[in-house]
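Student: Okay, here's what each chain looks like letter by letter:
2 protein chains.
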Amino acid sequence: MTYASDNVVIVGLGLIGGSLARALRSSGFSQRFIGYGHREVSLQRGVELGVIDEFTLDLDEAIERADIIVICTPTLTTVQILEKILPRLSGRSGGPVITDVASVKGNLRTAAIAVAGVMPPQLVLGHPIAGSQYSGVNASRADLFVDHRVILTPDAANDPAAVELVRAMWCSAGAEVVDMTVEQHDAVLASTSHLPHVLAYTLVDALASADNSEDVFRCAAGGFRDFTRIASSDPTMWRDIAIANKPALLNSIDLFSDHLARLRKAVQDENAHELFNTFDRAKQARDEFATLLAQRIQPKLP
Amino acid sequence: MTYASDNVVIVGLGLIGGSLARALRSSGFSQRFIGYGHREVSLQRGVELGVIDEFTLDLDEAIERADIIVICTPTLTTVQILEKILPRLSGRSGGPVITDVASVKGNLRTAAIAVAGVMPPQLVLGHPIAGSQYSGVNASRADLFVDHRVILTPDAANDPAAVELVRAMWCSAGAEVVDMTVEQHDAVLASTSHLPHVLAYTLVDALASADNSEDVFRCAAGGFRDFTRIASSDPTMWRDIAIANKPALLNSIDLFSDHLARLRKAVQDENAHELFNTFDRAKQARDEFATLLAQRIQPKLP
Chain X
1 MTYASDNVVI
11 VGLGLIGGSL
21 ARALRSSGFS
31 QRFIGYGHRE
41 VSLQRGVELG
51 VIDEFTLDLD
61 EAIERADIIV
71 ICTPTLTTVQ
81 ILEKILPRLS
91 GRSGGPVITD
101 VASVKGNLRT
111 AAIAVAGVMP
121 PQLVLGHPIA
131 GSQYSGVNAS
141 RADLFVDHRV
151 ILTPDAANDP
161 AAVELVRAMW
171 CSAGAEVVDM
181 TVEQHDAVLA
191 STSHLPHVLA
201 YTLVDALASA
211 DNSEDVFRCA
221 AGGFRDFTRI
231 ASSDPTMWRD
241 IAIANKPALL
251 NSIDLFSDHL
261 ARLRKAVQDE
271 NAHELFNTFD
281 RAKQARDEFA
291 TLLAQRIQPK
301 LP
Chain U
1 MTYASDNVVI
11 VGLGLIGGSL
21 ARALRSSGFS
31 QRFIGYGHRE
41 VSLQRGVELG
51 VIDEFTLDLD
61 EAIERADIIV
71 ICTPTLTTVQ
81 ILEKILPRLS
91 GRSGGPVITD
101 VASVKGNLRT
111 AAIAVAGVMP
121 PQLVLGHPIA
131 GSQYSGVNAS
141 RADLFVDHRV
151 ILTPDAANDP
161 AAVELVRAMW
171 CSAGAEVVDM
181 TVEQHDAVLA
191 STSHLPHVLA
201 YTLVDALASA
211 DNSEDVFRCA
221 AGGFRDFTRI
231 ASSDPTMWRD
241 IAIANKPALL
251 NSIDLFSDHL
261 ARLRKAVQDE
271 NAHELFNTFD
281 RAKQARDEFA
291 TLLAQRIQPK
301 LP
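Protein chains in written order, with this note's numbering: chain X, 1 to 302; chain U, 1 to 302.
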């Protein structure tokens with residue numbers, strides 16, 4: 001069975017939305033991409049670049065013409081967009097399939113159910129684990145998702161055909177699709193992304209607030225630069241993610257804090273055995289992960 | 001005034017010791033490098049590579065012939081070497097200047113005073129902030145220290161000529177020498193290096209111990225790989241550093257934990273204002289640091 005879609009509406013034409021449109025055009029999944037958003041200059045640029053074919057600033061028109069709507073906006077904006085789209089669909093049958101790319105899924109499900117009363121059958125929440133240090137439609141690339149994971153969180157209420165269309169869309173973009181529950185997704189992302197950002201921000205802010213901050217930053221070198229790179233991320237985006245994923249992030253912070261307290265005690269007690277074992281376990285887990293990741297992205301190399 | 005040295009004894013011929021010998025030969029600081037250690041195979045390799053001119057396995061001979069001794073061994077080994085060298089010098093005048101490259105200075109000063117009764121005038125503690133993912137004399141490079149910081153921690157008891165000789169040695173290797181007290185050094189290194197390693201090890205170990213560890217490592221990507229890279233460091237070396245720098249490391253862990261607890265509360269309270277301000281302050285501090293670091297290492301670029 002081959003899936004394809006006629007009109008793909010991209011809401012929010014930045015790096016992710018633009019890259020998805022390029023990938024889906026290139027793979028033949030669709031040949032008609034319509035941009036919707038409020039920043040006309042980005043949408044106009046998308047047309048110039050051939051990323052989208054046309055755009056509209058009218059949400060009703062976008063919904064009317066869409067076979068699939070992909071919301072590619074920041075986390076909290078995605079909630080707002082969903083809250084605008086869902087009421088316009090209620091009572092309609094055969095409406096577009098809707099999906100998204102936001103970093104947190106639980107808050108979106110909650111918002112959708114609050115608006116629609118139930119989880120809408122055609123709303124399939126998803127999250128591509130891909131990005132770049134660049135942003136905006138100018139940085140979009142057809143191969144952004146190749147060999148990257150996309151997590152879908154299908155719901156029991158979902159129309160199976162809607163889930164399969166979204167799955168086919170991401171496969172068509174070259175991604176490897178993984179299914180999880182909303183809770184699994186939010187816990188995994190809290191661990192692998194949201195907590196590390198919180199730790200990096202906290203470290204830099206703590207050191208900057210200390211009396212010896214001038215000496216500290218004067219003598220820090222490349223290792224510190226690499227470890228704190230993610231503390232140069234967009235504060236607005238991460239404020240929103242921290243709030244959107246509050247329950248899972250709090251769990252992750254607590255898990256980490258428990259382990260840090262244990263390690264502090266081992267330092268305090270000069271417990272060489274426990275320090276070595278902790279560092280050694282971590283090194284083994286990290287080396288194994290790095291090897292698996294290198295194998296996973298291998299096919300990209302020439 | 002030009003400083004130079006006749007016989008430079010390198011204790012422990014690995015990446016750092018080998019690179020220092022190469023740099024000092026190339027700059028003309030000395031033309032005679034003698035290796036001392038217990039791993040004859042490394043020392044033999046050093047001679048083959050032209051890094052050292054000869055070696056000895058006899059500590060008394062090494063001391064007898066040295067004008068300057070640079071101890072380039074791991075942190076706790078440096079303590080043991082000092083404890084062997086210092087008793088052999090007591091009562092002698094005009095003995096060699098002794099310096100080291102270890103990551104912690106307070107424990108060395110304590111050990112030296114325990115052995116010698118006072119801080120020996122010719123013992124000048126130092127620490128080059130340079131390294132590589134490679135190790136061993138095979139990886140040594142004459143330019144390893146160029147544009148890198150070396151922190152010296154001169155003591156009031158030091159012979160000023162000994163301090164100036166060590167300073168001249170590092171300048172001759174292309175490094176930028178910064179003076180600090182032992183306490184300043186150990187606090188700065190705890191903040192910029194020892195704490196980040198503890199955080200990375202703790203994060204990976206905490207995630208590996210969690211119920212969802214398989215999902216976590218399956219879905220982690222490049223950002224997580226970069227943030228946890230230092231958790232692939234040598235567990236023995238970091239166990240030793242954590243114990244050697246216990247007081248400063250505990251302070252750093254406590255500073256960090258206080259800030260993390262504050263951030264946790266902001267997430268719990270959904271305090272968007274405080275989350276944004278923390279992330280924004282951190283981003284500004286980190287961006288400023290990265291800019292300064294890029295300017296500092298600029299001359300290395302062609």
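For the record, the hints were derived by calculation from the structure and aren't laboratory data. Please read all numbers here as calculations on a predicted model, not as lab measurements. Just to be clear, a hint being listed does not mean it is correct.
[To be verified] Okay, derived cross-link-like pairs now, DSS-like style, lysine-lysine, Cα gap no bigger than 27 Å in a straight line:
| hint | chain 1 | residue 1 | chain 2 | residue 2 |
| --- | --- | --- | --- | --- |
| 1 | U | K265 | X | K246 |
| 2 | X | K265 | U | K246 |
| 3 | U | K265 | X | K265 |
[As the list claims (entries may be wrong)] Computed beta-carbon distance windows for the label pairs:
| hint | chain 1 | residue 1 | chain 2 | residue 2 | range |
| --- | --- | --- | --- | --- | --- |
| 4 | U | A114 | X | A139 | 58 to 64 Å |
| 5 | X | V41 | U | T236 | 22 to 28 Å |
| 6 | X | N212 | U | V41 | 17 to 23 Å |
| 7 | U | D179 | X | E176 | 39 to 45 Å |
| 8 | X | C171 | U | Y134 | 20 to 26 Å |
| 9 | X | C171 | U | E40 | 57 to 63 Å |
| 10 | U | N212 | X | E176 | 55 to 61 Å |
| 11 | X | S27 | U | E288 | 39 to 45 Å |
| 12 | X | D147 | U | Q31 | 49 to 55 Å |
| 13 | U | D234 | X | Q268 | 21 to 27 Å |
| 14 | X | E288 | U | Q80 | 31 to 37 Å |
| 15 | U | I113 | X | Y134 | 53 to 59 Å |
| 16 | X | P160 | U | R218 | 21 to 27 Å |
| 17 | U | C171 | X | S27 | 29 to 35 Å |
Don't be surprised by glycine CBs; every beta carbon is placed ideally from N, CA and C.
Student: Going through the numbered hints above, which ones does this structure break? Give me the numbers in ascending order.
Tutor: 5, 6, 7, 8, 10 and 17
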